[in-house]
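*Asks:* Here's the letter readout for the chains.
2 protein chains.
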Amino acid sequence: MNTARDFNPTVFAELKALLGERATTSTAIREHHGKDESYLPDAPPDAVVFPRSTEEVRDVVGICRRHRVPMIPYGAGTSLEGHVLAIRGGVCIDLSQMNQVLVVHEDDLDATVQAGVTREQLNEHIRHSGLFFPVDPGADATLGGMSATRASGTNAVRYGTMRENVLSLKVVLADGRIIQTAHRARKSAAGYDLTRLFVGSEGTLGIITEVTVRLYPMLEAMSAAVCAFDSVDGCTQTVIQTIQMGVPIARCDIVCEKTIDAINRYKKTSYRVAPTLFFEFHGSQASVIEQAETVQSIAKEHGGKDFVWATKPEERRQLWEARHQAYFACLQLRPGARAISTDVCVPISRLAECVRESVEDVKDFIVPVPLLGHVGDGNFHLVFLVDPAKPEETELAKQFNKRLVERALRMEGSCTGEHGIGVGKQDSLRREFGEDVIGVMRSIKRMFDPDNLMNPGKVVPE
Amino acid sequence: MNTARDFNPTVFAELKALLGERATTSTAIREHHGKDESYLPDAPPDAVVFPRSTEEVRDVVGICRRHRVPMIPYGAGTSLEGHVLAIRGGVCIDLSQMNQVLVVHEDDLDATVQAGVTREQLNEHIRHSGLFFPVDPGADATLGGMSATRASGTNAVRYGTMRENVLSLKVVLADGRIIQTAHRARKSAAGYDLTRLFVGSEGTLGIITEVTVRLYPMLEAMSAAVCAFDSVDGCTQTVIQTIQMGVPIARCDIVCEKTIDAINRYKKTSYRVAPTLFFEFHGSQASVIEQAETVQSIAKEHGGKDFVWATKPEERRQLWEARHQAYFACLQLRPGARAISTDVCVPISRLAECVRESVEDVKDFIVPVPLLGHVGDGNFHLVFLVDPAKPEETELAKQFNKRLVERALRMEGSCTGEHGIGVGKQDSLRREFGEDVIGVMRSIKRMFDPDNLMNPGKVVPE
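Just so you know, the protein sequences line up as chains A and B, in that order. Taking numbering that gives the first Met the number 0, I'd label the letters of the first sequence as residues 0 to 461. Taking numbering that gives the first Met the number 0, I'd label the letters of the second sequence as residues 0 to 461.
One or more hints might be untrue.
Unchecked claim - Derived contacts from chain B toward chain A, CB cut-off under 8 Å, selection only:
{"#": "1", "residue": "H104"}
{"#": "2", "residue": "D106"}
{"#": "3", "residue": "L108"}
{"#": "4", "residue": "G190"}
{"#": "5", "residue": "S200"}
{"#": "6", "residue": "M244"}
{"#": "7", "residue": "Q295"}
{"#": "8", "residue": "K299"}
{"#": "9", "residue": "P346"}
{"#": "10", "residue": "D376"}
{"#": "11", "residue": "G377"}
{"#": "12", "residue": "N378"}
{"#": "13", "residue": "C414"}
{"#": "14", "residue": "G419"}
{"#": "15", "residue": "D435"}
{"#": "16", "residue": "S442"}
Claimed, not checked - Here are some chain A residues pointing at chain B (derived, C-beta under 10 Å):
{"#": "17", "residue": "E105"}
{"#": "18", "residue": "R183"}
{"#": "19", "residue": "P216"}
{"#": "20", "residue": "S286"}
{"#": "21", "residue": "G377"}
{"#": "22", "residue": "L408"}
{"#": "23", "residue": "I420"}
{"#": "24", "residue": "D435"}
Claimed, not checked - With beta-carbon atoms standing in for the labels, derived distance ranges:
{"#": "25", "chain 1": "A", "residue 1": "R176", "chain 2": "B", "residue 2": "P40", "range": "54 to 64 Å"}
{"#": "26", "chain 1": "B", "residue 1": "E314", "chain 2": "A", "residue 2": "R402", "range": "56 to 66 Å"}
{"#": "27", "chain 1": "A", "residue 1": "E461", "chain 2": "B", "residue 2": "R441", "range": "22 to 32 Å"}
{"#": "28", "chain 1": "B", "residue 1": "L17", "chain 2": "A", "residue 2": "S296", "range": "54 to 64 Å"}
{"#": "29", "chain 1": "A", "residue 1": "S52", "chain 2": "B", "residue 2": "H323", "range": "48 to 58 Å"}
{"#": "30", "chain 1": "A", "residue 1": "R441", "chain 2": "B", "residue 2": "L17", "range": "28 to 38 Å"}
{"#": "31", "chain 1": "B", "residue 1": "H124", "chain 2": "A", "residue 2": "D363", "range": "44 to 54 Å"}
{"#": "32", "chain 1": "B", "residue 1": "R441", "chain 2": "A", "residue 2": "V366", "range": "51 to 61 Å"}
{"#": "33", "chain 1": "A", "residue 1": "E30", "chain 2": "B", "residue 2": "G438", "range": "34 to 44 Å"}
{"#": "34", "chain 1": "A", "residue 1": "D435", "chain 2": "B", "residue 2": "L17", "range": "18 to 28 Å"}
{"#": "35", "chain 1": "B", "residue 1": "E391", "chain 2": "A", "residue 2": "S442", "range": "45 to 55 Å"}
{"#": "36", "chain 1": "A", "residue 1": "V366", "chain 2": "B", "residue 2": "R126", "range": "30 to 40 Å"}
{"#": "37", "chain 1": "A", "residue 1": "D435", "chain 2": "B", "residue 2": "P8", "range": "30 to 40 Å"}
{"#": "38", "chain 1": "B", "residue 1": "E54", "chain 2": "A", "residue 2": "D363", "range": "42 to 52 Å"}
Derived by calculation from the structure, the hints in this document are not laboratory data. For glycine and all other residues, C-beta sits at the position ideal for the given N, C-alpha and C.
All chains should be built: construct the whole structure from the sequences, respecting the hints.
*Replies:* What follows is the structure, encoded as structure tokens:
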């Protein structure tokens, strides 16, 4: 572990002169910023700074550049593949004090926020307007972090991921230039798509300081449904047909029987212990009724049982809360365990096959391995509950994960649907794309960051 | 004009050895490939080749690279800003013989095609499946060309542009590497978004040879409506409120009174001569009724008159044919004229203001300047009908266009919603983004194409 004493005192003096108490080498704060929600070993930065403006970020970048010190942007620390770990030491740039909603354009359905604004904060801020920001990765992540990792979540099937929902970014580049990647127009054919280049770049090409996102109208009616199936195949066939019929489902998640069992124990519910789909429908009153009826009849054709349909807000909330709490419910399957979550995404036609092989593959793991996923996108997670005191369990999970990635790639899928690459998936990225594409990504990295100071050691294998 | 005789005979001999009769310096073919639908002067290439595979494209690129000869990819030649003009001479790579639909995955709602497949060809190919490809720029462009220019059109308001609808691309890079930018999974958080970097790059970073696109279900019901308003403001307020209410309109176009007048003359229709909205609704039977009723009542609040609603396929077709023929109808306002189409995109809240100022600005032009646009996206076109024999008219139109771009930028818009940059809008691109962003784009260009051979002189000002 880097200690504060290793750190170039001139750098810290300059940061201190710039930010005063908002620059620190406190051990507690450094340690807090040296971990995320991954299984990877902690790696604290040498210092942590809390800028409040794009200009302050630029000045921090200037200091770090002059002294060749790595910079790691930090949002809410909820990433899952080691994105924020200071594996080469350096300065953690915590953007949480850049938490202003700068402007909301209700007529244009967009908002511009500082990078440290969280999605729940934004939704609270615009609640009165009848609009909402849909991307929901589970954690209350910052919009900057969500942009940087190309986050998505339960309702991407209807509203898209951060890729589709970021209109523009303000970014501080490694050389101190501040760029705005686009204007506010809904669409544009003007030049290279720099916005999409920074979405998903995980802080390796520049530091996102402002985000302009799309907003959506909160529709008149919402309803939810849950339905058990004999098999995962019944679930995926139901979803494929639902999408092919053009039913605009807002959410559509799958959990396996182990997850349902965990939910039943945790929430004292009594769902049938079987592969289960959770749905949410948004639309007019008439439309949500029609959507639910259509899905119910499709589900029935594919062996769906106990279709429960919740239209009252309280029932709907309870139903989706069961899904939202699934992760925590699973953690209770092995108290004290650390969760390692896998994350592959395959074409939906291959989902049942991929899940079947994967469930078979993990059946001998020391404890049950629950599965949950965003089935409309072909994205699912297996959650390994490992004893942190037994590194051989983590090793087993990593081996399973490696096979899972190979399986997904063989089925024309991706090694990550929404968690990103970080430190943990660089080998997977190489397997997914091959050396030529990795070479192109490496050239892009070098062009933006010739001294390799922007979150070094992340995304692109060196 | 370059003549065949200026062209390095070794290069042509090598192309000929590779492709036989599919490499030509025929004057007629070169001249045909030296023009697009823009107002810019013709610029024929020195030779034209017709590869049939990605490997042949790679070999053509290899020959051109060795001899430092520019390469210009060519699809259907329907671009509007000089994208395909061989302004530095070189070899035009016509992809129209790469016209195979390679695979359709009905369960996954995607298809992979060679770059020369046109959108109508793809839709014809998948007609039996109940699926369709929605992006519709008007012309029957190739999917490769549409990807390269980030095309959109009338139904982007619901289905998105090429940016949202390309899942993956196969690209031949300047150095001969062939890369696949992504797998077929619906979403991915794996590495830099190379797909989006090539979408809209206009052949300046590499040559797109295969395109994987999203498909959508053809919904049970479609209906259309048309409604006249006292003012453009009434139109935009109607659309803003329609979108805010979450009505999932599939198309929503505006035409001005001059355009309606042109349509009436051309199609012998009798629409009220006033700013007019055309709508299309897709959904279930019940949903399209509900959508149309909602829009009708919103339109009424904002001065909408003569709301006509067409549910029968024939009526619907006729109604939208009026809109689709608007461009040709306008051309009849001045027989023999050449059309120069502007193309800005602003936040929808500024659309009425931008249109009002622009209409005022063009009122003294020698002939009426009709307006049409994709109002749901804030994207509109003014069509200047100029006499090709009078260069001063083209000059006037260019001056108007310059002011129009300035106006759109002042309103946080973009200099192009869907036509792209090509040769014609490089100054506008610079005004839109400023030198720092242009510098970044230039670095990207240099990284991919250090010898400046890939469609040189396009997109990024040199």
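*Asks:* Can the hint on B/G377 be confirmed by a CB-to-CB distance to chain A that is less than 8 Å?
*Replies:* Where the cut-off is 8 Å and the nearest Cβ of chain A is about 6 Å from B/G377, the hint holds.
*Asks:* Is 42 to 52 Å a correct range for the gap between the Cβ atoms of B/E54 and A/D363?
*Replies:* Given a distance of about 46 Å, which is inside 42 to 52 Å, the answer is holds.
*Asks:* Could one say that the CB atoms of A/E461 and B/R441 fall in the range 22 to 32 Å?
*Replies:* holds, 26 Å
*Asks:* Let's test the interface hint: is any C-beta of chain B closer than 10 Å to that of A/P216?
*Replies:* A/P216 check passes; min Cβ-Cβ to chain B is 4 Å, inside 10 Å.
*Asks:* Close enough to count: is the Cβ of A/I420 nearer than 10 Å to one in chain B?
*Replies:* Check passed: Cβ of A/I420 comes within 6 Å of chain B, closer than 10 Å.
*Asks:* Against chain B, run the beta carbon of A/R183 and see if the smallest gap drops under 10 Å.
*Replies:* Check passed: Cβ of A/R183 comes within 4 Å of chain B, closer than 10 Å.
*Asks:* For the hint 54 to 64 Å, verify it against the beta carbon of A/R176 and that of B/P40.
*Replies:* violated, 36 Å
*Asks:* Tell me if B/H104 is really an interface residue toward chain A, meaning its C-beta lies closer than 8 Å to one of theirs.
*Replies:* The hint holds - B/H104 has a Cβ within 8 Å of chain A, the shortest such distance being about 6 Å.
*Asks:* Taking the closest Cβ pair, is B/G419 under 8 Å from chain A?
*Replies:* holds, 4 Å
*Asks:* Range first: 51 to 61 Å. Now tell me if the beta carbons of B/R441 and A/V366 are that far apart.
*Replies:* holds, 55 Å
*Asks:* With a cut-off of 10 Å, does the beta carbon of A/G377 approach a beta carbon of chain B closely enough for the hint to hold?
*Replies:* Hint on A/G377: holds, closest Cβ of chain B at ~6 Å, below 10 Å.
*Asks:* Tell me if the interface restraint on B/S200 is satisfied: Cβ within less than 8 Å of some Cβ in chain A.
*Replies:* Constraint on B/S200 satisfied, holds at 6 Å.
Checked against the numbered hints given earlier, this structure breaks hints 7, 8, 25 and 36; the rest are met.
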